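Q: Here is how the chains run, residue by residue.
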Amino acid sequence: MSDQSSTRTPTGDPGGRSSSARAFPEDPISDKPPAPAPEAPPARKKPTKVRAGDRIFQNLTTGAGIFVVALIALIGIFLVVQAIPALKADKVNFLFNHGWSTNDPANMAFGIADLAEVTVATSLVALIIAMPISLGIALFLTQYAPAKLARPFAYVVDLLAAVPSIIFGLWGILVFAPAIEPFSEWVNSTFSWIPIFAPGNIAPNVRGTIFTAGIVLAVMILPIITSLTREVFERTPTAQVEGALALGATRWEVIRTTVLPFGKAGFVGASMLGLGRALGETIALAVILLIPQGRNFDWSLFDGGATFASKIAQNYSEFNNPTSAGAYIAAGLVLFVLTFLVNFAARSIVGKKVG
Amino acid sequence: MSTTLERPATTPAFQQVSAARKVKNGVATVLVWLSFLIAVVPLVWVLYTVIANGIKRIPYSNWWGQDFGSVLGDEVGGGVLHAIIGTLLQGVVCAVISVPIGLLVAIYLVEYGRGKLAKATTFMVDILSGVPSIVAALFIYALWVTTLGLPRSGFAVSLALVLLMIPVVVRSAEEMLRIVPDDLREASYALGVPKWKTIMKIVLPTALSGILGGIMMALARVMGETAPLLVLVGYTSYVNWNIFSGEQASLPLVMNNERATNSMDPGSVGFDRIWGAALTLVLIIAVINLLATVLSRIVAPKKK
Amino acid sequence: MKIMRPLGAVGIVASAALVLAACGSDPSASNSGSGSNSAAPAATGTAQVDCGGKSPLSAEGSTAQKNAIEVFNQAYNKKCSGQKVNYNGTGSGAGVKQFNANQVDFGGSDSPIKDADLEAATKRCASPALNIPLVVGPIAVGYHLSGVDNLTLTPQVIAKIFNGGIKNWNDPAIKAVKGNESLNLPDKPIQVVSRSEESGTTDNFQKYLGAAAKDVWTQGAGKKFVGGVGNGAQGSNGVASTVKGADGSITYVESAFAKDGVTPAKIDSGSGGVELSAENVAKSLDAAKFAHPGTNDLAMDLNGIYSSNVPGAYPLLLTTYEIVCSKYSNPDVAKAVKAFLTVAATDGQQPLSAKGYVPIPQSLQDKVLKAVKEIS
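Residue numbers (my numbering), protein chains in the order written: chain A, 604 to 958; chain B, 546 to 849; chain C, 361 to 736.
I should point out that these hints are in silico values taken from the structure, not numbers from a laboratory.
Mixed in with the good hints, there may be bad ones.
Claimed, not checked - Not close to chain A: a few residues of chain B, all C-beta gaps over 12 Å, as computed:
id	residue
1	V641
2	V676
3	I685
Said to hold, decoys possible - What the simulated footprint calls covered on chain A by chain B, stretch by stretch (three residues with Cβ under 8 Å from a Cβ of chain B suffice, anywhere in the stretch; the number is not a length):
id	region
4	674-686
5	761-775
6	853-862
Note that the structure is a prediction, hence the values are computed from the model and not measured.
Where a beta carbon is used, it is the ideal one built from N, C-alpha and C, also for glycine.
In isolation and in its complexed conformation, chain A is listed as follows (with noise of 0.2 Å):
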């Protein structure tokens, strides 16, 4: 191992990084190509002896990376074998049953179908409203704002990122909802007849719904897509940008033939990594969603209902029987396995094409 360690291929190399070079907002140093084949030379004068300090150390780091490798394993079998007593104990289909019931540690019926559904319908409403708005916002400050405006404006909108969602959730509650009602009245009347818009199972209010609590997690994952946007924008190439001015083409026609091509990759899976954030996000919904009494989420965008995470928060309460605690775990690794192929996903589309 230690041998290997002085051998650093350039070919070796990529691989490892290019997928975690990316995907943080940079500095403008990112701006330059990255360098392609790092720390060359040292490598290839190989070492006479290796020194205690330098294989302890090397030790030390390769332990921390075995270490979150392993973590992340930890968090999976723990979470699994948390949840089989429950999943035995579990009279219905876990996974396609739409009530939830684990008072009665004897008599447990659970499945995950309406947490899965009004997760999947919150975070769609958040993804769809913000998926353009970020697009845009990531056009306005890479291509339209003038640079003084582009620069504050970019970190203001990372600092979005660092309010707690807590207070994303009471704003969203205490202040959005009330402010909106008379607009999701009229939506929801209006429109009524189309199944979306359908009168909710919380009616008559509209004030705790998916609709609500959408936007809300829209403006929550903002953010993230716009920032990681943003970044993935900048690095179209600057030959192609002036190529497509000198044939004439508009503002827009650059974007278009250019910008776009180049970073479609990038806004979807940084779009992805918002949907795996919005699929995780626990505290704001959980005070904006009403739980409905007696009836099932039926894709009115005015229902209320709980999702995977907020279920959870809601009742950890109910955690101090293993076996209902059990239930909610087996839920949370739901949760975990759906986040975890999310993001997967977003991380392979986003590491092709930025590398």
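Given chain A, put chains B and C in place with the hints provided.
A: Frame of chain A, contents of chains B and C only:
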């Protein structure tokens, strides 16, 4: 650069921009500006809400120097000292654990890592950064409370936050380490300095400014987390310095507790407390961000 | 009331003085409402308290008694200087569960523990667990309906509203209740708001409906709302603020939360509409019985109250309990729990009426003090 190119010196191939193209360009411009404005609205709105509603209690010294232990739920008075202590303690303990691990992982990835393990590590860091906070909380609950039989405490919260903080530290540190010029490493090797010393004495100090900034940002982010707090620690209205036992308050918990048990009508005590705590939290996060900038400046490599 | 005000003020002033009050302190406004002189046979007086033991004690449970515990805590803090209790208002279900999981020293629950919970609690204590009633709280059927502020409901109508039998405010069944003839009830759907998490208030409310409107409420009881209509919000405060924000909504909530836009309905159990007030609740309390007479487990049987129709008695109430061990493995904890409960049952009782509660009657106080004394 584009402004100069829009009016080229020589006559371009297409002298006239057709009306349709002009319209399209105009529509696009409007849409882009519109999305910018749409994004500004909630931003300003949220900040305005927090500041306008939170400002009422903040300016008083007892807000910063007392807890809610001696006041009833509907009594004006008391403060959030207990919550500030909890938030900072849990945040700092989390940082103390996750920063060394995160740094080591980053060093491994940049200086040593290759092959399958490095790929796996990079991948897992990516995955870890996507783990929802409630799942991290559940994991720690399953480990700490269910398996080890230990009581809920502020430390359990810190552990859950570690899971959320590590990937952010790794990412930023990794990025900073990668932009350290190789010339520096080579110069050091040429002088016969061992690799580990090169990393510790040359590479890390060079990247320190950026790394510190990243750490502070990560810290600010985990301090606002609420989900792990709900699952892993109880609320108290008293100051508790002991992170290992007993209930421990924190600012998000204050908000959540007031939300569940106190009136949220504008003008009520609960309302003032919720937004006061929110503003306090935002202020703390802002100060940490500011500190990050200042610290980065101070430790930045001197340029001559 | 007499005790509480000055104490609160002194507390604030004293603690503010401890801090370097450089830029002044918060104005300590008095806003705890006008103190009504309760006619309840209030348990008053003070007792010898053996202070000491674990501090802070940790406790968790019912949101309904959260404000009462704060009052008790203040009294406890005064009586035994420096001794504290941490109380998390997360719901009765949580209180029992955290107690059974040995995460807290005592639990707060609006319904006495029994069956499986009791077994688990006995196991946790390695001794019988006790229900100690300390607070009586009326439950309001609170509504928000613009233009209507004097609604009377019978148990049957309440049951029908909460199980979906009556869906609109202009339903003739509501109009038919004596006292509602002159009301202008709008054509508006009724929005039922219930507690989304496990709650002792829900349990008591459903028990009440089961007792007072047997033929209509067939859903049973339990800490989860089983009416199957409307929507749920978290915590007493969650339901109250949801009702405030939604015209045409109705909920059941502890009386302390039924204010500022949530109007408590009068209840007519057959002898005319009865307003929610301390006197009317106290009148009901006479019918209370113990579930296990002769033991130190003071769980009460409220069915007699729920199904009674004594004129002028408000029947919809709950007693909220502290769930404690009769024998703690840690004597430090036992000492503190005893001290706290003693203070709560004596000095802590009188200020309760200002917070919308009803102090426990004298007869019950004696039993509580005896049971507490025997905790070890």
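Q: For every hint, state whether the structure bears it out.
A: Against the structure, the hints come out as follows:
1. V641: Nearest chain A Cβ is 15 Å from V641 of chain B, so the label holds.
2. V676: V676 of chain B is in fact no farther than 12 Å from some Cβ atom of chain A, at 7 Å.
3. I685: Violated: least Cβ distance 9 Å, not greater than 12 Å.
4. 674-686: Three-residue rule met by the region 674-686 of chain A, so holds; n is 8.
5. 761-775: holds (count 12)
6. 853-862: With 5 residues closer than 8 Å to chain B, the region 853-862 of chain A meets the three-residue bar; holds.
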